[in-house]
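One letter stands for each residue in the lines below.
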Amino acid sequence: MNMPITAQSLVNNVSQLYSLPHFYSRLNEAIHDPFSELQDLANILSDDAVICARILKLANSAMYSFPSKIDTISRAITIIGTKQLGDLVLATGVIELFRNVPKEAVDMDSFWRHSIATGICARVISTYQREDNVERFYLMGLLHDIGRLIMFIQIPEQINEHIQFCKKNNILLHIQEKQGFGFDHSDVGQLLLKSWNIPQSIEETVGNQHHPQACTKFSKEASVIHFSDVVANALQLGSSGESFVPPLNEQAWLSLKLKSSQIPSIIDHIEKQYDDVIEIFLS
Amino acid sequence: MNNKDTDIVLTQEEYKTLTDRIEHFETLNRRDIDALNILHEINCILNTTENSQDRERVFSSLKDYFNRLIQFDFVAFFYTDNEDSSFSLADYSNEIPKQTILDLEQKIVENGEFAWAVSQNRTVIVDHSDPDKVILLHVLSTKTRVRGMFMGVLPKTQLPTSSCLSLLSTFCQSAAHLLESIDLYSMVSRSNHELEKNNESLELIIEERTQKLKEAVANAEQANQAKSQFLSSMSHELRTPLSSIMGFTQFLLSDSDRPPTPHQSECLGHILQGSQHLLNLINQLLDQAKIEAGQMDIQIQEVAIKPVIDECITLVQTLATKDNILLHIPEDMPYVIQADRLRLKQVLLNLISNGIKYNKPNGSITLSCIEQGTHLKINVTDTGVGIPINDQDKLFTSFSRLGHESSDIEGSGIGLVISKTLIEVMQGSLGFHSIEGEGTTFWFELPITSNQLN
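Chains A and B supply the protein sequences, listed in that same order. Numbers 1 to 283, taken from this note's numbering, label the letters of the first sequence in order. Numbers 1 to 454, taken from this note's numbering, label the letters of the second sequence in order.
Same shape as in the complex, but just chain A (with noise of 0.2 Å):
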């Protein structure tokens, strides 16, 4: 007898395979240990010298756009800023945790693709509003469709079949999963976030994507990473299944007190930036 698929048993199926790196939870400890200091992060982040890497290269990026050049990790820490330093490394973490899926399921360039574009769109918009931790809205963006992913993984099947009947029929993804599974990837996201540990900001954003309004603690984060995903889906930077750009939810556009005059300048900054990034993570 099969059991019918919830969300939760999609995460509890990949919980021990894709469990969050010890690494991180060290790290995220020393961020918010009053003693700790910039060198003790410093030490930390050396025993992982894939991650190290990729920090020191994030960090002479487009994304950052430093004047001079940053060579030592300790130096990038100073410029990427220690509260910020744990989501950057949870991004780039994430990404690492997911690098051997097999390529039949998904295909995973196109999917980081879409999801970094995302995440350096609400980067983009967070720091136009002066936020004072813009990489915790680049990760949001990064794991906004991490529930898709488990689904990709877990059955593989079944989403290709939404997603060729969302094409043929003119539906979004999304709406088609919660029909065919009453749930959809933001619900199997919010609890593969949420069994992760990792700051429920994140985790609600990534619940509440396609309702920001519906958010009441994290409309605002909501409603920059709804928009950042209609903005990757029209510059048709990578996919994670959807073949149509989803409308823009009105509440979440008024809330986000952007003036239409920005949004070139907000794309070129995406642009500039896109490129730099996709080479560091997907590399």
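No wet-lab data here; the hints were simulated from the structure. The C-beta atom is built at its ideal place from N, Cα and C for all residues, glycine as well. Among the clues, some could well be false.
Computed beta-carbon distance windows for the label pairs [to be verified]: (1) Asn197(A) / Glu194(B): 53 to 63 Å; (2) Ser261(A) / Asn94(B): 39 to 49 Å; (3) Lys143(B) / Ile175(A): 32 to 42 Å; (4) Ser46(A) / Asn94(B): 39 to 49 Å; (5) Pro247(A) / Arg68(B): 48 to 58 Å; (6) Ser65(A) / Pro131(B): 19 to 29 Å; (7) Ser129(B) / Ser19(A): 43 to 53 Å; (8) Ser65(A) / Glu194(B): 24 to 34 Å.
Place chain B on chain A using the hints.
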């Protein structure tokens, strides 16, 4: 008795680690309490902006606060100019020569680190030319506007922990809000001041104009009174000699001892007729003068309309017969109205005689009464030439005769004006409607008492 808890025995080293940690915690605790106090103080300054804060004093306090949080070698604050968004040195640690700070600023501006720090809403740590030191930069910015930049230099070994940097960010944000509120306050008080000045000058202008207007009104009133006085005295002066002219003419006409020859009688008749006309005009002028002077004496009483109309008809019958104008009077007019009998008759006479004067040959005049609620409406309809649409609004203007000035028809051009005023004084209204070429109906309404003669 044995204590249930096992006694913990610490090695010397463990003991040392623990006491160090406790000491460290205490230091942290003190720092956090101090930070809270500072934030409270900043908040206090924020809340007292009604006594306008001067920026220098605020920067001097901020300098003290930031040094209390982190042991800097020296600090500097840059202030953003509202006009051109340029940064200028606002305050700095006094023990350092100003030039040292300016050189440092120039260096980080030139290598782009300053601009970079402006774009980040957090602490930015950049290299110092002395490899043992670092520079902390933090923009002073609200969500909407960059207000300045904080710069602090300290030994590399003294780099603050991330929790301390978070506090620094909070300080910088509060400082930005403080600077913003000072700016806003000075902006508001400046524009208030301008508004006040504008108000004052506006008040002056208004006062001046009011004064002029008062003078103009007084002048106009005086002129009007002078005119009324002139009219009334002139009318009086004219009436007295006219009375003797008319009296003696009538005496000559009726002198049975020496009756005038037929030719003399005819001449005397002309004199009498001309004098009568002149008297009418003078009476009208006198009425208007009285009305304008507010001296019109009106005595409202119950007046049966029928006898008044009959009297009027008797008076105008000769005139109507002469021009062959037919008068249609309703048989049944059982109405009693509220009016001054004499003035009512004057109005009726004016309207009927106008109807005769401006009628077509062989025309007619029709009188009718209609009860309209609390009022009785009396229409006087002629079959005359009518009043051109363009002239209708000038009808009730004194001395306007609408093109009849040089015609044969006698008139002063104030009869209608007086009639209208009289009716209005008697709580009624007077108006007309006219079709050019077909005739005119003048009507007036007065309060009705009953429709039955007692």
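Evaluated hints:
no.: 1; hint: Asn197(A) / Glu194(B): 53 to 63 Å; result: 58 Å, holds
no.: 2; hint: Ser261(A) / Asn94(B): 39 to 49 Å; result: 46 Å, holds
no.: 3; hint: Lys143(B) / Ile175(A): 32 to 42 Å; result: 35 Å, holds
no.: 4; hint: Ser46(A) / Asn94(B): 39 to 49 Å; result: 41 Å, holds
no.: 5; hint: Pro247(A) / Arg68(B): 48 to 58 Å; result: 53 Å, holds
no.: 6; hint: Ser65(A) / Pro131(B): 19 to 29 Å; result: 25 Å, holds
no.: 7; hint: Ser129(B) / Ser19(A): 43 to 53 Å; result: 46 Å, holds
no.: 8; hint: Ser65(A) / Glu194(B): 24 to 34 Å; result: 43 Å, violated
Violation of the numbered hints given earlier is confined to hint 8; every other hint is satisfied by the structure.
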